[in-house]
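Can you make the complete structure from the sequences, with help from the hints?
Quick note, the sequences are listed as chains A and B, same order.
Residue numbers are given in our numbering: position 162 of the first sequence equals residue 162, and the series is strictly consecutive.
Residue numbers are given in our numbering: position 128 of the second sequence equals residue 1128, and the series is strictly consecutive.
Hints listed in this document are in silico derivations from the structure and should not be mistaken for laboratory results.
Beyond 12 Å from chain B on every Cβ pair, some chain A residues (computed): (1) R18; (2) S61; (3) P69; (4) R195.
Partial selection, computed: residues in chain B whose CB lies under 8 Å from chain A: (5) V1007; (6) Y1096; (7) V1100; (8) I1113.
Glycine included, C-beta positions come from ideal geometry on N, C-alpha and C.
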Amino acid sequence: MPGPTRGFLGRRRDRDARLPPGQYDAGSDWPVLTAEPTPRIAPETWSITVDGAVEAPTTWSWDEAHALPRSEYRGDIHCVTTWSKFGTWFAGVSVDTLLEAARPTAEAHFVMATSKTGYTTNLPLEHVTGGQAWIVWEYDGKPLPIEHGGPVRLLVPHLYFWKSAKWISKLTLLHRDQPGFWEQNGYHDLGDPWRQQRYQGD
Amino acid sequence: MTEDGAVLGAGVPDAPAGGWRTATVSGVRRPIQRSVQLRLDVHDRIDHLPGQHYVVRLTAEDGYTAQRSYSVASAPGDPLVELFVERLDDGEVSTYLADVVEPGDELEVRGPIGGWFVWDGESPALLVAGGAGVVPFVSMLRHARALGREDLLRIAVSARTMAQLPYADELVAAGALVVLSREEYGIRPAGRLRAEELLPLWEPDQTTYVCGSAAFAEAATQLLVASGRPPASIRVERFGPSGGPA
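Here it is as structure tokens:
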């Protein structure tokens, strides 16, 4: 780690305790950063499937998913490109609820999330259970905007936000970890913002 | 999954990746307002592919750090790495790079990074940029020129005015379609990019690259998809106050 950069003072000294290292508060902004064209997905054609290393592979339609117990997240989100957003409010269904129905096998340790666009991201199973992950279709009490992953996205707010796959369509349980889209391109397999796990090797 | 179940990025070869390095600032230019072009001598550099980016990390005396991503404008064969940085008035990093950095300064950088928004130097490509979104395409263009394969690239660039278009001379010389939303350009009246303007740039088997602000990238990709481009053939890089994945 080299010394200070000549003449760099930096700004925000009284840092908000909610801000992980290297992040800044985006305020009311919510930047949109995706690698592929935004898909137009009609809710009636959307579905979520849990498959792979599970005892009961299951698919829920829009109506079936909405009939599951509602679950909400209120808190902060953090993007690897260094913005964080405080006090967000999402609603949908807990990933725990989906997994209870699909019943991961004893050998299942990882999850690959796949979007309608073919985007993928990998997560350890223990990071999407115990009330840590949601499938969400509501933001601030309104339908989730398409550019933010609507009609339905994954939400794993304790990890960098590229893990919260937009336009989610499938969760595949795996025995072994496999890199997803950004992970193949040098980004971290876990992505814990509090440990600044931005890139492979961090 | 897409309609055919393809996984995004499947079959795209691994791109080079580099860790943290020290870079000596070799040149600082301000060819257009509210921006800076930095030429960096990156120690122990790993050559990039056109389209990849670098992270610049600034450290204050008390250890406080701030880092941002910037696309590379130089070709892999250039002995220096050239970054083009748009100066954002409230930008903590861009204001430092634009206002304070001088030749001889040392900067901490990390790169190259990214493996999706890259051009292999062999495949036909349509490049569509808004504003500072031209930067990765300048790298692709320079690389194509070095390879003698400029025929592979078709380029469309959009800006408010000519004076606000980065690398304007180089892009015009390469035959890029120039779209200005706030002033006339030749016989073209001021206005946003239209689908029919892109049609002459279409070639078989092109991969399309779109780079620009979130608003530009969204408008351009929807234009392309609506006029028949397969979504799976379109790669997008959106930037706002930051770059890279969300």
